[in-house]
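4 protein chains.
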Amino acid sequence: MLIVMKPDATSTEIDRVLEVIETLGFRGHTMPGENRTAIGITGNRGSVDPAHFENLAGVADAIRVTKPYKLISKELRPEKSIIKVGNATIGGPELAIIAGPCAVETVDQVFAAAEAVAKSGAKFFRGGAFKPRTSPYAFQGKGEDGLKILADVRDQFGLNIVTEAMDEHGIDLVEKYGDCIQIGARNMQNFSLLKYAGKTRKPVLLKRGLSATLDEFMLAAEYIMAEGNYDVILCERGIRTFADHARNTMDLSIVPALHRYTHLPVIVDPSHGTGHNYMVTPLARAGVAVGADGLIIEIHPCPEEALCDGAQALTPVQYAALVSQVNEIYKTVENYEPALAIL
Amino acid sequence: MLIVMKPDATSTEIDRVLEVIETLGFRGHTMPGENRTAIGITGNRGSVDPAHFENLAGVADAIRVTKPYKLISKELRPEKSIIKVGNATIGGPELAIIAGPCAVETVDQVFAAAEAVAKSGAKFFRGGAFKPRTSPYAFQGKGEDGLKILADVRDQFGLNIVTEAMDEHGIDLVEKYGDCIQIGARNMQNFSLLKYAGKTRKPVLLKRGLSATLDEFMLAAEYIMAEGNYDVILCERGIRTFADHARNTMDLSIVPALHRYTHLPVIVDPSHGTGHNYMVTPLARAGVAVGADGLIIEIHPCPEEALCDGAQALTPVQYAALVSQVNEIYKTVENYEPALAIL
Amino acid sequence: MLIVMKPDATSTEIDRVLEVIETLGFRGHTMPGENRTAIGITGNRGSVDPAHFENLAGVADAIRVTKPYKLISKELRPEKSIIKVGNATIGGPELAIIAGPCAVETVDQVFAAAEAVAKSGAKFFRGGAFKPRTSPYAFQGKGEDGLKILADVRDQFGLNIVTEAMDEHGIDLVEKYGDCIQIGARNMQNFSLLKYAGKTRKPVLLKRGLSATLDEFMLAAEYIMAEGNYDVILCERGIRTFADHARNTMDLSIVPALHRYTHLPVIVDPSHGTGHNYMVTPLARAGVAVGADGLIIEIHPCPEEALCDGAQALTPVQYAALVSQVNEIYKTVENYEPALAIL
Amino acid sequence: MLIVMKPDATSTEIDRVLEVIETLGFRGHTMPGENRTAIGITGNRGSVDPAHFENLAGVADAIRVTKPYKLISKELRPEKSIIKVGNATIGGPELAIIAGPCAVETVDQVFAAAEAVAKSGAKFFRGGAFKPRTSPYAFQGKGEDGLKILADVRDQFGLNIVTEAMDEHGIDLVEKYGDCIQIGARNMQNFSLLKYAGKTRKPVLLKRGLSATLDEFMLAAEYIMAEGNYDVILCERGIRTFADHARNTMDLSIVPALHRYTHLPVIVDPSHGTGHNYMVTPLARAGVAVGADGLIIEIHPCPEEALCDGAQALTPVQYAALVSQVNEIYKTVENYEPALAIL
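Chains as they are written, first to last, in our numbering: chain A, 691 to 1033; chain B, 691 to 1033; chain C, 691 to 1033; chain D, 691 to 1033.
So here's chain A without its partners, still in its complex pose (with noise of 0.2 Å):
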């Protein structure tokens, strides 16, 4: 934390400053400048609240300095983790791909589904039986039948199974038939369901929420990881803009933010992350091009009749040329990586 005085602040108000760091159990030190004295605090283990003196008088700024996260920081932790999911692994050498519908509907939308992942090497499997809608009168999901219908496609397919679970409830059913649970955008900062998750043992899939900050984001898997869960991968999924010829905007920036301050994997997610069919294929290469460690994609035997966000799911022949796309992508950052350490 920094403080920076106003340029006619006495030294009465200088050391009414001194005095509140001292309150609060930190040191403070004073720098004199041409125009004006700044004061840094030092001594603090977590982040200061800079509320405790921006009305303090004579206080032009509180500038915080220190980040608030710690756990998922690469300073506790430079080297990046490779994170478990079923037989498989996220974060490794390998492309992580997550596809399968957005919703359980039926048996057979799941088992076609599951054909096209198993076929294009794919590793993961995704389907929502419990679907977070905007609308209380939209399709809900199927809940726990669907979860089951999911674990007979790990049994058949060899796929592992990432489903999302909205409650505590969810969380136990997904602990039980699933590989990993998702916790999605709306409840990026549901810190009862974070914490929760942060005691179960299967890893956790938590998606970037529609207006979260980096450091909002990181906390929010810090959440997880203070209560002893530390298989954590993160997914870019698109934000909330003034932009409207997507349903969100992919910011893929995040991602190498994210490799810069965090050993968690990242995947990304281009069909949340934009919501039209023909921007899906696009976004995923530049989301592999960008370094994302994976990739989660909506396919649907048949789009049209899709209960549920039909518009942004592929087909599986769409999504067969997007995996030998990305896959050749993949190559090509692979291969530059190490390179540029070195600059």
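Because the hints were derived from the structure by calculation, they are not lab data. There is no bait here: all hints are sound.
Identical chains share a label here; the pair holds if one copy fits it or two copies do between them.
Here are the simulated SDA-like pairs of lysine to any residue, each with C-alpha atoms no more than 25 Å apart in a straight line: (1) 892 - 763; (2) 764 - 727; (3) 1021 - 783; (4) 760 - 716; (5) 774 - 841.
Bear in mind that the values here come from a model prediction, so they are computed numbers and not experimental data.
Dock chains B, C and D against chain A, hints included.
Leaving out everything else, chains B, C and D in the frame of chain A:
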């Protein structure tokens, strides 16, 4: 739903769209234009997902026409709802003021704040026992012990208690100790929590999410109402934008918009909406001037010592000045409202 | 500028940073902390670009401390500026109301509007002769002929003319026929135009850009002032956000922020700020309640026939009701302002 | 345009809407639905302003159906435009790379950069002689002297010069010395400048405004084309959002959107789009992977000494590595594009 075909769409493509409309159980109405054909859809009770049509050959655009909400709608209930909260009301002829500290810290702090609130003539007291904090290492609230202190405030000062719940257990406790369940901005689309709140008998104060559109906000309320609890108060508390001079950007134009489309009362939170002490009073005045039915204000006997959000808390003296001002403005607005209705 | 070093930064890296600081002609102040070293920079007159440091080895962050504006700053001129516009003032004790049609269309339309404006007691008339339109095929304004009609309004009604210029030629013409040069939101960072306006002798009404931060807005005004024209009026007119219930999102919190940091008067435009007739009066009330020095309002004798922006224009009857309301609210705010200053 | 009436709209209200439609010279088509009536409008050549209808009694909503652009539209010209810039092309089979320093500073700096650009096989050189700077006190560019240095680069290295103009005088000079006129993000809706650029014979590189929607971006290009200059290259350079880890948020989904709706080539600027050296290469890869026709990249022989935007400039070594990577990715994308067209 209106489907706009491309200029060069063939009649086979148009027929395929009509077929899909019928498959979904609706009726299609073809409207040939000079350059292109449009197809209207009728017969749908809820909303139709544009997804079903967007990828069909020959379709240029699928435009939603009917709004997806029902119970909250003014078309269903034209007169304004007055919500009973404890022994007082929100949405009635009187401006509702809810005030108190951000977090319940100590008995002394809470009682000092309650005295200021009671003295001002306000009928509602706020104070958080469960605090949704961005960082897992920040103060998380005093839990049930905090709620007991709030219950004591009601007994001693006759103030009605508005306090936040973050999960089902929290809702049970607030139902027991408080008068109104607050659901925070970060949980506005925690649909499991909304449904659970919809089953209680206490009114719910629902805060707008940081990136919620008008429709999403109204549909979040609809989730609560669809479970049988019609006592919902809507609260604008600032949205997430690029503007960096305030913690959030207060979007006061949503107040007249909500009054146009829904019968529920709307209040405004200038404390979280701005995050800066010096902005709270001006924005509180603006909130009342724009037509809000009430305000929720953070006060603290000693803001610079607050464990949480001290930068935005008003001192009791500042708060008293605020109350005088907004009461005067409320009278001005009230006097003119009927005249405007004639226009 | 404050440079925060990484926890593992070496002393060689720290020395390199100090060297770069000296190369730039400034002084560096090393502040060793418990976990990391910070380096303060003093001796800079203007702002230092963080760019110079961000990529140096061992640097974690470069944080701007000093604000880059001068002439607009309250530190330079603590008392509020009162700007003379024609025979009246903006920023003085009276609420300034600027009203008139979006575009000058016909003599009849303009004179009918001017009559309503004069009758209301307002002293300023607006009306566009040059219209910045999103589409090249939309009505672009009547040009010099329109300005002549506005000059006639001044002669006949004694109203002072505020009208937009979009280029140097337009500024020359507005200087000739009008009393105040409006620079629109889309030109807020048209730096060539700002410089040209800075060389005129007429006051400038500068609208905030759709995505302008507080700093950018103030620096745009600084561009005009740096050329010698200190008569600038700032205008909040809504920003671009995800919210879709209004054409723009009015960011009223910028009014107290501007009053805190600058001595210039600030007005609010609820017509462009909302884009909907039914929102204009509530937001005009809010703008005055938040502390604006004036309003700019669009009216039209017959809004549904307007060639431009009819949806937001008030009828003369609606406008008259608005003026009564805001004058009452202005009195309330004025009475309390001094009291607040004591706090 | 589609007018949706309220459920309780009377037949008199419907007739009034039809009357207004006819007054405007269009035709109205009444479509009675189960709950409400809709009225389609045909016969309009350009776009109809919803404003004309929104405030009429009984109207619930006015929805735009036809897009307002013409010359830029793929419906007008289905095949992709290839733009000639000097002795090379943008939008053709080859990936176009434009590289060079942010600002022209010295002959040595520019020539060192040009050597790296020529060596990489790129055919276009960038460098600013007129710099739009947020602060009036920041370095504003070398003007005509800078343009002469750029002209020398063309003579010596055979590179085609892309450089920004900020006003009419600047356009005249760039037309004289350069090969392509760049119009910056802040001038994207400087309509006078767009019209002036539309009258030149040099191609125009138009950057997307910080808060421009797809439609606004396309209409800005339409302004240039409407004056007779069809050689426009569109450039995505990041938008203004709440996200604070990058200077702007690159919105790569606009690339496939532009390719869907317009025939113009689209390039991507990852330097301004991110503002951070470490993000430029990943986002350049992503830009090519998403389908851009080219890149514009800032390089500097010695970034830490740059007078402007040094934080985002690549060193020549970093730039060379970038070029190899994007060329490989471009081949992958190119190979698959036709296959996708079948879907």
